[in-house]
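J.: Read top to bottom, the protein sequences are chains A and B. Mind the numbering: the first sequence is residues 1 to 255 in my numbering, read in order. Mind the numbering: the second sequence is residues 1 to 298 in my numbering, read in order.
To be clear, the hints were calculated from the coordinates, so they are not data collected in a lab. The C-beta atom is built at its ideal place from N, Cα and C for all residues, glycine as well. Careful: at least some of the hints might be erroneous.
As the list claims (entries may be wrong) - Reference excerpt, derived from the structure (chain B facing chain A, CB under 7 Å, subset only):
1. L86
2. D119
3. D285
4. A289
5. K293
Stated by the list, open to error - Looking from chain A toward chain B, a few residues come up when the C-beta cut is under 7 Å (computed):
6. V130
7. A206
8. G215
9. I218
10. R219
11. R220
12. R229
13. L233
14. A239
15. A245
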Amino acid sequence: MNIIVCMRQVPDLVEELELNDDGTGLNREYLKLGVNEFDDWALEQALLLKEEHGGSVTCLALDTPEVDNTLFTCYAKGADKAIKIEGDFANGMTSHSAAKLFADAIKAMPHDLILTGVQSVEDLDGQVGVLLATNLGIPHVSVVTGVQVNGKVAVVRKEYAGGMLGEFEVDLPAVLGIQAAKQAPRYAPISKVRAMMKEKKIETSASADGATEAGITIRRMFKPESGKRAEMLEGDAEAVASRVAEILKERGLVK
Amino acid sequence: MLGKGREMADALGGKLEAALIGDPNLAMRLGKADVAVCVGDAAWANFAPIAYRNALAELIRTRAPRLVMIANTSMGMDLAAGVSALLNIPLVAYCKNARVEEGKIIATAQLYGGKLLTDAEATSDQLIVSILPGSFSADAGRSANAPSVEQVAVTATDGGVRFKQLIEPEAADVDITKQEILVSVGRGIQSADNIPLVEELAAALGGAVSASRPIVDNGWLPKARQVGKSGQTVKPKLYFTVGISGAPEHLEGMRDAGLVIAVNTDPNAPIFDVAHYGITADLFDVVPALTEKIKSAK
């Protein structure tokens, strides 16, 4: 079974996000990028399936800053192959474009199952997994928290509100948008990632012509107006704790 | 969403149609719409991603709406992006709002975990928006009137995805939806070993511990303790958050809580937009100090 995991680099939300000069996007010059957390769950799901059924796991990513580090980490976790799609993607890209680039690359690769994170923090024009599947003309299921493979079909669990699950039988090949796997993404020690940098190679794939337009323009990007923001309690832990205790007492929430 | 749809249809000078796939009996509740377009029958009762997408695409093809609104739920995620790619109609996802300006539809989307908003418009005539649940008043979508009902036949295609069964969540040890006081813990707690810190605070306050998604995904607390989009919706008198940044998916499950007090190290965390009181301090200092204060006050 050939499993492909599509991975994207997204802005690290722990860092302050700065807007560009015309206020229509992020200032990406000093932006810190990291792997989309749900893509990490998708990789974990792929590795679990490989452990159970054999086959190979190929990680496919776009040539964005820091991507080599992400792909060597995939090797360290147990991926068989890492491929980056070349191109100038430093200014970020729409989900429609990313899906088109992934689809063009995947058409030339053997694939039974394609996994990717259910969403990312910058999917303004939709979730990549669904767009990718539709591009490839194959089935998709989003918000998946469990996958089993039986020959030519997968049995997947899709999560609804309130913890309810829907179980579906899906013909392969298919794209699954992974929300979570049975266990948390495994950890790869830095020493192992470094060893992979010496031992393994990242393959490259040329991007096909003609990026897909998402068909939307951004008028402006802005911080939410914090009309009724929280009243901030200042002081050391002791002072803050006393104030909270008072507030709770005033409201009759502690006896 | 029906209330907002009504407003958008009126501003654009058009009709509001509600597409209903599955049980046609629900059509009577859609009085805010001019027409309820019903697809299928009882056989369509259970959602299936490709079958529903194809049915919706057929409706959009034949009825050519200016604007298509889809809830950004688990089902809506498969539908909105699927129809966008299939019909080549632009999509703005994660919308909090939409408006009409000089005849153009402008959608406001929430990105980067709620840290930024984006006003976006389509470069062509049609637009699909997926709407974050809780963005609009549900009351504004209710009406005593009944819409006219139109039954539409579409070809059933499973498209390679077949519904098997619904699985109920496992029984909970504690029903967090019935608690008056919740101490809710997020990623900031860093490790399963630190969970007892919040359990002690919850015990001192006479409440229970709930959690955001990452805590449950990591297996540190059971699924039944999860608050948010794919977890429970809670309305406690006190919601005290510890190390929760306030991603939109989490806020969806707790926005109606009585008093919200939040502890987080990031002063820009979206949780402070919904909290009444905020504390930007190290939870490992504040939480034990508060636990002691509450205990000694008794």
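J.: If a hint holds in the structure, say so; if it does not, say that too.
T.: Outcome of the hint check:
no.: 1; hint: L86; result: holds, 5 Å
no.: 2; hint: D119; result: holds, 4 Å
no.: 3; hint: D285; result: holds, 4 Å
no.: 4; hint: A289; result: holds, 4 Å
no.: 5; hint: K293; result: holds, 4 Å
no.: 6; hint: V130; result: holds, 4 Å
no.: 7; hint: A206; result: violated, 23 Å
no.: 8; hint: G215; result: holds, 3 Å
no.: 9; hint: I218; result: holds, 5 Å
no.: 10; hint: R219; result: holds, 4 Å
no.: 11; hint: R220; result: holds, 5 Å
no.: 12; hint: R229; result: holds, 6 Å
no.: 13; hint: L233; result: holds, 5 Å
no.: 14; hint: A239; result: violated, 9 Å
no.: 15; hint: A245; result: holds, 4 Å
In terms of the numbered hints stated before, the structure departs from hints 7, 14, listed from lowest to highest.
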